[in-house]
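Novice: Residue-level listing of the chains:
Protein chains: 2
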Amino acid sequence: MTVTLDGKALKEKLLQQLKVKVDGFDKKPGLSVILVGDNPASILYVNNKKKTAEKLGIHSEIIHYDIDTPQEVIINKINELNNNDNVNAILVQLPLPPHIDKFKIIDAINPQKDVDGFTFYNSGKLFSGEEPFVYPCTPKGILLLLKEYNITLEGKHVVIVGRSNIAGKPLAMMMLNNNATVTLCHSYTKNLEQITKTADILISATGHDIIKKGMVKKGSVVIDVGIFKDENGKTRGDVDFSDVYPDISYISPVPGGVGPMTIISLMLNTVELYEKSLNNK
Amino acid sequence: MTVTLDGKALKEKLLQQLKVKVDGFDKKPGLSVILVGDNPASILYVNNKKKTAEKLGIHSEIIHYDIDTPQEVIINKINELNNNDNVNAILVQLPLPPHIDKFKIIDAINPQKDVDGFTFYNSGKLFSGEEPFVYPCTPKGILLLLKEYNITLEGKHVVIVGRSNIAGKPLAMMMLNNNATVTLCHSYTKNLEQITKTADILISATGHDIIKKGMVKKGSVVIDVGIFKDENGKTRGDVDFSDVYPDISYISPVPGGVGPMTIISLMLNTVELYEKSLNNK
Chain B
2 MTVTLDGKAL
12 KEKLLQQLKV
22 KVDGFDKKPG
32 LSVILVGDNP
42 ASILYVNNKK
52 KTAEKLGIHS
62 EIIHYDIDTP
72 QEVIINKINE
82 LNNNDNVNAI
92 LVQLPLPPHI
102 DKFKIIDAIN
112 PQKDVDGFTF
122 YNSGKLFSGE
132 EPFVYPCTPK
142 GILLLLKEYN
152 ITLEGKHVVI
162 VGRSNIAGKP
172 LAMMMLNNNA
182 TVTLCHSYTK
192 NLEQITKTAD
202 ILISATGHDI
212 IKKGMVKKGS
222 VVIDVGIFKD
232 ENGKTRGDVD
242 FSDVYPDISY
252 ISPVPGGVGP
262 MTIISLMLNT
272 VELYEKSLNN
282 K
Chain L
2 MTVTLDGKAL
12 KEKLLQQLKV
22 KVDGFDKKPG
32 LSVILVGDNP
42 ASILYVNNKK
52 KTAEKLGIHS
62 EIIHYDIDTP
72 QEVIINKINE
82 LNNNDNVNAI
92 LVQLPLPPHI
102 DKFKIIDAIN
112 PQKDVDGFTF
122 YNSGKLFSGE
132 EPFVYPCTPK
142 GILLLLKEYN
152 ITLEGKHVVI
162 VGRSNIAGKP
172 LAMMMLNNNA
182 TVTLCHSYTK
192 NLEQITKTAD
202 ILISATGHDI
212 IKKGMVKKGS
222 VVIDVGIFKD
232 ENGKTRGDVD
242 FSDVYPDISY
252 ISPVPGGVGP
262 MTIISLMLNT
272 VELYEKSLNN
282 K
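Residue numbers (our numbering), protein chains in the order written: chain B, 2 to 282; chain L, 2 to 282.
Looking at chain B on its own, in the form it has when it is part of the complex (with noise of 0.2 Å):
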């Protein structure tokens, strides 16, 4: 019987949990969301993460600006978030407009308030086998999923399909972390089946519906990272989950899987930091 990994209960779940925790601090955690232009998809990412963060009791904020808004103008921006005392975690909503320089916006943000784990110093921790200050929240939220499930890690061969910064390469290093055997696959992949049917548990994380029956080994679990709209205007992820479901063990829906995963690591991140900053005084 194949069991469906159900993220939207764990968010749930943790988001509860996380309620109380958040109820016993003596002042608000801070949440400032840096969004730049108006990709419809952007705009609703960050108001779900703020609306999350509000139930919370998380204090969020949305910083807008305009697509043509100069480089300087936001690291500006990130400075004063840095040095302001009830900002403890800082995101900026990608992807940026092609005039910014994503990486030098991103290592703008003081590492102690970096809440996605993106800047060189905290992704070269995780490379590296250390703690970050936190990790990624795609990434956590699968590991999380995979925890809930009692899917363990430990000498099982990992297929990633998917090299983003974002998704790919640092859920490689934390399967790795986890003493699991990682393959990364990519769009230059040939034989992409021959590789995807060796996967105890594969991860497909691309965007575009490529995981279909016969790429898949009997039993394994297949862990969907991708979203995106198809012809019909269904949201649909990277898997066919029909058509693979009779063979595996576990899988996670899209929509109601890894998305719910990832908004509440970075709740979750966001809760860490704003610890970590008390033990820093």
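These are calculated hints, taken from the structure and not from any lab test.
Hints may be right or wrong, so weigh each one.
Pairs involving identical chains hold if they fit within one copy or between any two copies, as the list cannot separate such chains.
Cut-off 25 Å, straight-line C-alpha distance, at most; resulting in silico cross-link-like pairs (SDA-like, lysine to any residue) [to be verified]:
hint, residue 1, residue 2
1, 277, 175
2, 218, 3
3, 191, 151
4, 105, 280
Note that the structure is a prediction, hence the values are computed from the model and not measured.
Place chain L on chain B using the hints.
Specialist: Coordinates of chain L only, in the frame set by chain B:
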């Protein structure tokens, strides 16, 4: 016919080219090597590095500390070297004694003088797909060796055995940046031979004799990063050279393969940091 990848010859060729360049500099580049304790292998390595640097006209010093030197003394020395304009490159010979926090020491190095590319900043840049000040020496040397023999990486399946911060992990990132599909194996990997047999390029970096006949794909490339003395005192690598030789296309020997390429990469990195320091003035 199998080709043996001659790292020693390529090192000599690159040394000649680099010497011409260094001879043209107004001022000598400076490499400072910090050694803590009396590990015989480490002493051999740092002396080799110093000798090679001197051949090139690079000013090199070994700063040798007793094994029980406090961490702060070493960090203070690194700060001094960071501020010394005659020093372009700082290397801390690993391993360090157990009372020392390796990452505190490494991360004290100014990333612009981090000749091994091991600081969080530089490894975070590598991880993020951005150009670090320099690339770690062993992976850099392997890529130079493959390039010399026109062995391309795009679309190849590269299987790496060993996940150290010095070799396996940065190598994985550099292979990924060159559009190879990458699998990272290690001591927890199950059915290792089934994975290694799928490699177009197999790279072993464990320091144990683990790669034997039947573990390699016909016609593949095998790179041996391991180096140790066997029970008869003979220097050897991870790969049973004569055992796998008939089945493959290319193999790097031990000694004379990756080892010399690591040393010449250190020299190339020292000169690169020197040149970058001039551009920063």
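Novice: All hints, please: hold or fail.
Specialist: Taking the hints in turn, this is what the structure says about them:
| no. | hint | result |
| --- | --- | --- |
| 1 | 277 x 175 | within (21 Å within a copy, 33 Å between copies) |
| 2 | 218 x 3 | within (13 Å within a copy, 35 Å between copies) |
| 3 | 191 x 151 | between (32 Å within a copy, 20 Å between copies) |
| 4 | 105 x 280 | between (28 Å within a copy, 20 Å between copies) |
No hint from the list above goes unmet by this structure.
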